[in-house]
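Full structure from sequences and hints, please.
Each chain, written out:
2 protein chains.
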Amino acid sequence: MQKFKAVDHSNISIEQGFWHHRQHLNAETTIYSVWQRFEETGRFSALKLDWKEGDPNKPHIFYDSDVAKWIESAAYILEKNSDKKLENKVDELIDLIVKNQEETGYFNSWFQQFDPEGRFTRRADHELYCAGHLMEAAVAYYNSTGKDKLLKAMCRYADYIEKVFKIERTAEFVTCGHPEIELALVRLYHCTGESRYLELSKWFIDMRGKDEKNTFYPWANSRYAQDHLPVRRQTTAEGHSVRAAYLYSAMADIAYEYEDMELQQACETIFDDIFHKKMYITGGIGSSRRGEAFTVPYDLPNETAYAESCAAIALAMFANRMLRLNPDVRYADVVETVLYNGFLASTSLDGRSFFYENPLSVDLSLRGRDTSVNDKEALPITERVEVFDCSCCPPNITRFVAAVADYLYTVNDESLYIHQYMGSSCETDIGSQKIYISQETNYPVDGNIKIKVKGAKGRNLFIRVPSWCDDYSLSVDGKACKADKENGYLRIECEADELEAELLLDMSCRLVEASPSVHANAGKAALLRGPVVYCMEAVDNGRDIQDIMIDSNIRPEVEPSEGFYFPVIHLDGCRRKYDSDSLYRPLSRELIPAKVKFIPYYAFANRGESDMQVWFNVKR
Amino acid sequence: MQKFKAVDHSNISIEQGFWHHRQHLNAETTIYSVWQRFEETGRFSALKLDWKEGDPNKPHIFYDSDVAKWIESAAYILEKNSDKKLENKVDELIDLIVKNQEETGYFNSWFQQFDPEGRFTRRADHELYCAGHLMEAAVAYYNSTGKDKLLKAMCRYADYIEKVFKIERTAEFVTCGHPEIELALVRLYHCTGESRYLELSKWFIDMRGKDEKNTFYPWANSRYAQDHLPVRRQTTAEGHSVRAAYLYSAMADIAYEYEDMELQQACETIFDDIFHKKMYITGGIGSSRRGEAFTVPYDLPNETAYAESCAAIALAMFANRMLRLNPDVRYADVVETVLYNGFLASTSLDGRSFFYENPLSVDLSLRGRDTSVNDKEALPITERVEVFDCSCCPPNITRFVAAVADYLYTVNDESLYIHQYMGSSCETDIGSQKIYISQETNYPVDGNIKIKVKGAKGRNLFIRVPSWCDDYSLSVDGKACKADKENGYLRIECEADELEAELLLDMSCRLVEASPSVHANAGKAALLRGPVVYCMEAVDNGRDIQDIMIDSNIRPEVEPSEGFYFPVIHLDGCRRKYDSDSLYRPLSRELIPAKVKFIPYYAFANRGESDMQVWFNVKR
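These protein sequences, in sequence, are chains A and B.
The numbering of the first sequence is the numbering used here, which starts it at 4 and goes up by one.
The numbering of the second sequence is the numbering used here, which starts it at 4 and goes up by one.
No lab work stands behind these hints: they were computed from the structure.
All values derive from a computational prediction rather than experimental measurement.
Some hints could be false.
It does not matter which identical chain is meant; a pair holds if it fits inside one copy or across any two.
Stated by the list, open to error - Lysine-lysine pairs mimicking DSS-like chemistry, simulated, CA-CA at most 30 Å apart: (1) 598 with 622; (2) 600 with 622; (3) 580 with 488; (4) 216 with 379; (5) 580 with 622; (6) 155 with 88; (7) 622 with 280; (8) 150 with 102; (9) 150 with 92.
Here it is in structure tokens:
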């Protein structure tokens, strides 16, 4: 089995370009904004276990996971930025956790306060999910600062979980309703070297769908939590999309660690199901609000797209893990699609507010539909907010941005793969070899990427050509180079210790259509430039943007944009006349020409509420 | 105030063509099919008031109205057809009603059995609605057979209602949650000459939205039952669409009877709101399942169109009443649209099964969306069924078909208006004058209508030119005639006692588009021929019909069809290739030509479940 190690973000500095800007925003603004909101909503003080009836902000069952993800984010930020205020806050939170941890190792601020007897009796109640996030936080904080207080505490907790769930089997369920512990235990294993943690993770993976009888939400069926089959026999992406993609990521981890081809095959088959049938063009997954779930193939409605921010993150996690098993360009393509679209849209341009769902169309005229009933239809929100009741997304977003360099490179003894393009430098040890990689690029503002590699002599360097790019050129050490493409990567043999490559990707605008099986997009196209999906908003294009038709033969005007970072694009189109108050009228072929302004999808809803659409009618 | 009397269906025989066929089907099949289903579901036996715990078919709160509408249907059928079996059954049902009617005049099979103390305490519970339908049945059966047993009983009931609601005001609500009694009382007044009934109807109309405090469904707001304003101040169509259009019809009745211009103005304004903003191209209204209600302007989704069969009927009732106040062609256009589309689709070709909702698109791929939750999303049914739990539509449909001739003519001292075209003969007295009108036509299979009028000397004959028709010709007594068009009607002065006119309407196929404000139909067109809306089904056109694009420059092939009565139409179109398993791909302008078969919309879902769409993408 060919295996690749991912280069950890701690070895990489993003020094330039878009992601540098986003990491800066994340460290300066987002982490603090989430801190404030968590403070105000009692998420941090919940760790004190002293909430009393009548107090505001009664803690929620998975507040611990929110706090843990925030700590993990802070840990990554502290790797690159000295920030005493942030570090002190983390230490304070860790002190609270450790102080209130039970003798047994158990820690859950909700169960300890509100239902001590209920511990490990209700599968739906996210206990192991919270535990997993605390473990990830512990590993991250230890790696970042060397402080092991939380790590030691979480090892004790993991030991306790092993005892209760695997050794004594006294818990009233077998696997957690929300996967996460499986991912955390693998990280805990890597951090501590303790193989029992890896084994416990594998055990949770293998038990899923086999022996689970514990009741769950009454409205959910076994697919909701991916219990319908043992994981090795699962072939389609099912159920709650965050749970699903966390599980698939963990399956990929276990496949990797154990070189388990059967599990790898299951991961590949499930990935294919998502890739060919269940993914928005933005990388969003889980199209339905009902169960926040995957549904049937090709069911990708735009207006009601759920496409949770956490699900986009989870898909990137899954795809990146698949790259370690098999460096196929489509995994990296999916990561890239998520990065610039489905994930990025989750956060406002000022870094303070968030989408939970990420619709591909906003039609404000539908917002008032409930004229005669008192309850309001659950439609996606149209502007980002700073905190949610279920605020899983904001700290997930900040930890993802802080560690985004995790997605750049995989290596093994023969090869070095470059998957994503970000202006950065990397220094890492591979075996006994020290390798240095730098990228100089403003990608995806333009498609020019200068790569320097040192210390890779004798290796193959694989440079990704994104699948969307038909026109590219490569030069190596100043000379044009016709490299072979293998699974979407240009292969260069590093004959010297140092190598300079320059990749030029054609960033022409292009129209993309969906498969005829996607009924929601029949007759429609989307505009992309590089990996960036574009959208049109009413704020730029007037009322009834749904009526705009774009000429299929495009002559784009690309205009730099500071505010959106990526350029805005103008296309020729047309729209119909409002020449009568008739609801129905003879079809007219007389159309009014219209210049249509597109902005990067990720930046929609930053200028007030506005109609928006990614998919537009096209005039062929 | 100019006023017109509608010629009652009892004066008209439909002897030819499509509606003759439908009335035959109705009298031979539909009325018996509904009878059987009502027998099986205990609707008839509920009148015995002897249901016991453990018995099947516990009666429902508005079973009386189902039975009443069935009696009313039977009454209309018996006008033209001697059918002893049917008449005996009606007499048996009437005997039960009268036997169980209280001394006071009260009759309600549910309240008398299950909650005698609850009488007139709960506005939502359809008591006056049931009473109204029983009154309409009584009037119809008396008019048809001369038997006055039910009529007398219902007059006693009306007297009792007047006492409780208007005189003593001891009921716990002021107006019924579901309008109907208002319509019934006007008919009772016309049948008996008792003006108190008319006054009571007006009283209910005037009290609505004024003084109503009785609680209703907790999920409904005041718009749901058109209580948000006094009716004279209402300007938009709101709430439950059947309730609404029954109310508006009754408002038009009262405006007519009292020559009440203020009320007429309210009716006109509300009609405009429907006509310009809230009506499907099929004449369906009430686009949302939530509250079965009107929503915001231009909210006309196709897949989830609710468009209840009873609402289509109610809109025709409303529009027809408006014609008596003001003979404007758009009222007759709406009646026609409903007749051939939104109403007609409600019934299967074999006359046995019914739609409650009438969607404008069926996408079977969405039916399985709920893969991870146990409850199923409420989506429109895809095939008609014989009976519903709430089976208001089937007996409403059969009474409507049996009395469809009500929609043909209005007259006053100077004028005779011909609104709809059906092969028929009519003999009616207007004042002291006996007028005979016949139509010889196979409309809308073709557009050729021969009209003979006798006894109309000195009157103006107004012959409707449907608004969809730009190209028509008229000859009178064999000579081409350039008649003036007034509000959409060709005016002919009848100079002799007899007159023969021949109208030729161009029945070319045409593509129609919706206003740009209807976002659901952006980029789309619908095919019509005459008043008939067409649709395409997957059973004729293969998978993914949503992807079909129709050339905007149509060259239709019109092919006679026995099964659908109206012709089927073939248009040129194209569709995209399935050339890869990619979910997303570069936009291709290479399309595969396709011949596309359209059938009349009303006939969809008669050949098994199938994807269907009225609105299709169009290639401009």
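Hint check results:
| no. | hint | result |
| --- | --- | --- |
| 1 | 598 with 622 | both (14 Å within a copy, 20 Å between copies) |
| 2 | 600 with 622 | both (17 Å within a copy, 23 Å between copies) |
| 3 | 580 with 488 | between (50 Å within a copy, 28 Å between copies) |
| 4 | 216 with 379 | between (35 Å within a copy, 23 Å between copies) |
| 5 | 580 with 622 | both (16 Å within a copy, 17 Å between copies) |
| 6 | 155 with 88 | within (23 Å within a copy, 88 Å between copies) |
| 7 | 622 with 280 | both (26 Å within a copy, 27 Å between copies) |
| 8 | 150 with 102 | within (16 Å within a copy, 90 Å between copies) |
| 9 | 150 with 92 | within (14 Å within a copy, 89 Å between copies) |
Of the numbered hints listed earlier, not one is contradicted by the structure.
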